[in-house]
Amino acid sequence: MNSTLDKFFGGKQGGIGLLVLAALILVVFPLALDSFRLNMVGKYLTYAFVAVGLVLCWGYGGILSLGQGIFFGLGGYCMAMFLKLEASDPESTKIQSTPGIPDFMDWNQITELPLFWQPFQSFGFTLLAVVAVPAILALVIGMAMFKRRVGDVYFSIVTQAIAAILTILIIGQQGLTGGVNGITDLKTLLGWDIRTDEAKIILYFVNAALLLGCILIGRFILASKLGRLLMAMRDKEERVRFSGYDVASFKIFVFCVAASFSAIGGAMFTLQVGFMSPSFVGIVPSIEMVIFAAVGGRMSLLGAVYGALLVNYGKTVFSESFPELWLYFMGGLFIAVVMYFPNGLAGLWHSHASKWLARLRLPSRRQPPAAAAQPAEQPPASGAGTIDAVPAKQLESTP
Amino acid sequence: MTGFQMPKPVLAIEGLTVSFDGFKAVDDLNLYLDRNEVRVVIGPNGAGKTTVLDLICGKTRATSGSIQFDGRELTKMKEFDIVRAGVGRKFQNPSIYENLSVFENLEMSYPAGRKVFGALFFKRSAEVIARVEEVAAEIGLAGQLHSEAGLLSHGQKQWLEIGMLLMQDPELLMLDEPVAGMSVSERAQTAELLKRISQGRSVLVIEHDMEFVKSIAHKVTVLHQGKVLAEGSMDAVQNNPKVIEVYLGH
Numbered sequence: 000m001n002s003t004l005d006k007f008f009g010g011k012q013g014g015i016g017l018l019v020l021a022a023l024i025l026v027v028f029p030l031a032l033d034s035f036r037l038n039m040v041g042k043y044l045t046y047a048f049v050a051v052g053l054v055l056c057w058g059y060g061g062i063l064s065l066g067q068g069i070f071f072g073l074g075g076y077c078m079a080m081f082l083k084l085e086a087s088d089p090e091s092t093k094i095q096s097t098p099g100i101p102d103f104m105d106w107n108q109i110t111e112l113p114l115f116w117q118p119f120q121s122f123g124f125t126l127l128a129v130v131a132v133p134a135i136l137a138l139v140i141g142m143a144m145f146k147r148r149v150g151d152v153y154f155s156i157v158t159q160a161i162a163a164i165l166t167i168l169i170i171g172q173q174g175l176t177g178g179v180n181g182i183t184d185l186k187t188l189l190g191w192d193i194r195t196d197e198a199k200i201i202l203y204f205v206n207a208a209l210l211l212g213c214i215l216i217g218r219f220i221l222a223s224k225l226g227r228l229l230m231a232m233r234d235k236e237e238r239v240r241f242s243g244y245d246v247a248s249f250k251i252f253v254f255c256v257a258a259s260f261s262a263i264g265g266a267m268f269t270l271q272v273g274f275m276s277p278s279f280v281g282i283v284p285s286i287e288m289v290i291f292a293a294v295g296g297r298m299s300l301l302g303a304v305y306g307a308l309l310v311n312y313g314k315t316v317f318s319e320s321f322p323e324l325w326l327y328f329m330g331g332l333f334i335a336v337v338m339y340f341p342n343g344l345a346g347l348w349h350s351h352a353s354k355w356l357a358r359l360r361l362p363s364r365r366q367p368p369a370a371a372a373q374p375a376e377q378p379p380a381s382g383a384g385t386i387d388a389v390p391a392k393q394l395e396s397t398p
Numbered sequence: 000m001t002g003f004q005m006p007k008p009v010l011a012i013e014g015l016t017v018s019f020d021g022f023k024a025v026d027d028l029n030l031y032l033d034r035n036e037v038r039v040v041i042g043p044n045g046a047g048k049t050t051v052l053d054l055i056c057g058k059t060r061a062t063s064g065s066i067q068f069d070g071r072e073l074t075k076m077k078e079f080d081i082v083r084a085g086v087g088r089k090f091q092n093p094s095i096y097e098n099l100s101v102f103e104n105l106e107m108s109y110p111a112g113r114k115v116f117g118a119l120f121f122k123r124s125a126e127v128i129a130r131v132e133e134v135a136a137e138i139g140l141a142g143q144l145h146s147e148a149g150l151l152s153h154g155q156k157q158w159l160e161i162g163m164l165l166m167q168d169p170e171l172l173m174l175d176e177p178v179a180g181m182s183v184s185e186r187a188q189t190a191e192l193l194k195r196i197s198q199g200r201s202v203l204v205i206e207h208d209m210e211f212v213k214s215i216a217h218k219v220t221v222l223h224q225g226k227v228l229a230e231g232s233m234d235a236v237q238n239n240p241k242v243i244e245v246y247l248g249h
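Residue numbers (numbering that gives the first Met the number 0), protein chains in the order written: chain A, 0 to 398; chain B, 0 to 249.
A few of these clues could be false.
[What the hints assert, rightly or not] What the simulated footprint calls covered on chain B by chain A, stretch by stretch (three residues with Cβ under 8 Å from a Cβ of chain A suffice, anywhere in the stretch; the number is not a length): (1) 73 to 85; (2) 90 to 96; (3) 102 to 109; (4) 118 to 124.
[What the hints assert, rightly or not] Capping the alpha-carbon separation at 35 Å, the derived lysine-lysine pairs in DSBU-like fashion look like this: (5) A:K146 with B:K122; (6) B:K23 with B:K58; (7) B:K77 with A:K146; (8) B:K23 with A:K146; (9) B:K7 with B:K75; (10) B:K226 with B:K241; (11) B:K75 with A:K146; (12) B:K114 with A:K146; (13) A:K42 with A:K354; (14) B:K226 with B:K75; (15) B:K7 with B:K23; (16) B:K213 with B:K226; (17) A:K146 with B:K58; (18) A:K146 with B:K226; (19) B:K218 with B:K241; (20) B:K218 with B:K23; (21) B:K23 with B:K226; (22) A:K42 with A:K199.
[Unchecked claim] Derived CB-CB ranges, DEER-like: (23) B:E97 with A:M338: 17 to 27 Å; (24) A:A22 with B:P110: 41 to 51 Å; (25) B:D80 with A:V205: 44 to 54 Å; (26) A:L127 with B:E97: 40 to 50 Å.
Calculated directly from the structure, the hints in this document are not laboratory data. Since we're looking at a predicted model, the values are computed, not measured. Every residue gets a Cβ at the ideal spot worked out from N, C-alpha and C, and that includes glycine.
Can you build the whole structure from these sequences, using the hints too?
In structure tokens, the structure reads:
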């Protein structure tokens, strides 16, 4: 009944939704935008990784993490450390008192590369660390919280606290982390200059492909029994526990997946924007990331991508003209979403636009009476059907 | 203490006590349940009936005492391990997954794919489908397999939750007020269902409805203030002066 392909693409509707998104970010944006704008969209799309992760852990798993910036930042910092070491070869840092170490270390009277920086000289290790470091931290947080049944708002508050702690740590340890300025002046990746327009376009496509990959993984998870378990746990945790499941292990798993997705976004951010700083780790960016998912629709993987794109686009436009008002606007947007359209754009599309579209299609259907038998063809037994109906439809609504 | 002709009880509760801030909800309780027995626990409000079920399934931890199930000590085990050992528990209010279909509700309790990666790669095999259909027929929901569980009537939700327990094929089935809120005909159907499904397993039921108790119970235990007040056949218990006093005396 459920082929593996269906699991990934979510049947016909899910497939169309994904194709439209893929066409938009792989074809339409690159053709329509100049390289500066495209790089900006690429930056927005790195936040979409976080939003997709939040759909899994918040929308379906009911775990509201207000600290996804932690993982976005860790992924970004892992990548930045590698790039910084490459940019700090002895030749180009010979005016420092200790050549061959990052400049900010030299300014802070550090005379040799700290131990935890050393593995980041290897690109292979760095790629592994981008995903593994945040996943391990998520595992530790998850074990500490979920095994003790800390949940709901308490969990959210703890994630906020960790985001704040990590920010303070990074800023305080200036010599090791670059402090409040972050890690800047990143130049090349394995000798390839990432600052050129050409490199930025290639990185944009790598980013887009990785994002689509994460969405497919998300689809696979949601279409599996684990996806249904997540929803079941969100609504009736006790029933799941007393049906023989270790509820905590499922929460830990989905939290780790969300953390890894965020971290990939963070690493791609560093590559495309050319620096990483504590301003992407703390409480405010973490909450903004939740807003992306909420606006797009917390139950829709594809919606989350549109949410990240739209809110960030709005932020760019708005904050250019009314910089002080942006934060109020953002807060208002969040309140509006929570109060009036809790399922975000995807939910709005599902409840309004799809009906309107169906009405448009109706006249053509009326003429052959045999067609009337067709509409109710969806078997509710396939788990994928319920999950992907929303994102598939929501697609066509957004620009 | 020869005991060779006494069947070993499937569930042996001894000296079980739980105190909440000094209040002993269950006080030095002893209770033995035989294989294939249907036992009903009755008692006035606050007698500790639900707490006993909570203690058995691990939802509440005992202050002292022991609960032996099939020779395994449950008081130290994790909830999900207790379930896997063969104890199924139905909650007082129907506790089902409203957003999932009846099929998916039942499938969720199928004892496979219970770990993270098992669930991720769980396949809906012909075996699973056959088992779900079998249980759905048993609980009278074969026609509603693909409707959303939230749309079922109250009685059907109760049956669905019983069905979810049957999927696990538990050796001990615990039901907390299974006919609460049901119509007369639904009660009769539930009694029939219980008689069928109690074949080959032990059932522990909490219930207030005396007609229903009479129709299913092999033996009745009366709890009062966390202790066993009386135990025996329904008639014996109903005529027990201590029981009458507790129920009518104040």
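Hint by hint, here is what the structure shows:
no. : hint                          : in the structure
1   : 73 to 85                      : holds (count 5)
2   : 90 to 96                      : holds (count 4)
3   : 102 to 109                    : holds (count 5)
4   : 118 to 124                    : holds (count 5)
5   : A:K146 with B:K122            : holds (28 Å)
6   : B:K23 with B:K58              : holds (17 Å)
7   : B:K77 with A:K146             : holds (11 Å)
8   : B:K23 with A:K146             : holds (28 Å)
9   : B:K7 with B:K75               : holds (21 Å)
10  : B:K226 with B:K241            : holds (13 Å)
11  : B:K75 with A:K146             : holds (16 Å)
12  : B:K114 with A:K146            : holds (15 Å)
13  : A:K42 with A:K354             : holds (34 Å)
14  : B:K226 with B:K75             : holds (22 Å)
15  : B:K7 with B:K23               : holds (29 Å)
16  : B:K213 with B:K226            : holds (22 Å)
17  : A:K146 with B:K58             : holds (15 Å)
18  : A:K146 with B:K226            : holds (33 Å)
19  : B:K218 with B:K241            : holds (17 Å)
20  : B:K218 with B:K23             : holds (25 Å)
21  : B:K23 with B:K226             : holds (10 Å)
22  : A:K42 with A:K199             : holds (11 Å)
23  : B:E97 with A:M338: 17 to 27 Å : holds (23 Å)
24  : A:A22 with B:P110: 41 to 51 Å : holds (44 Å)
25  : B:D80 with A:V205: 44 to 54 Å : holds (45 Å)
26  : A:L127 with B:E97: 40 to 50 Å : holds (42 Å)
The structure agrees with every numbered hint stated previously.
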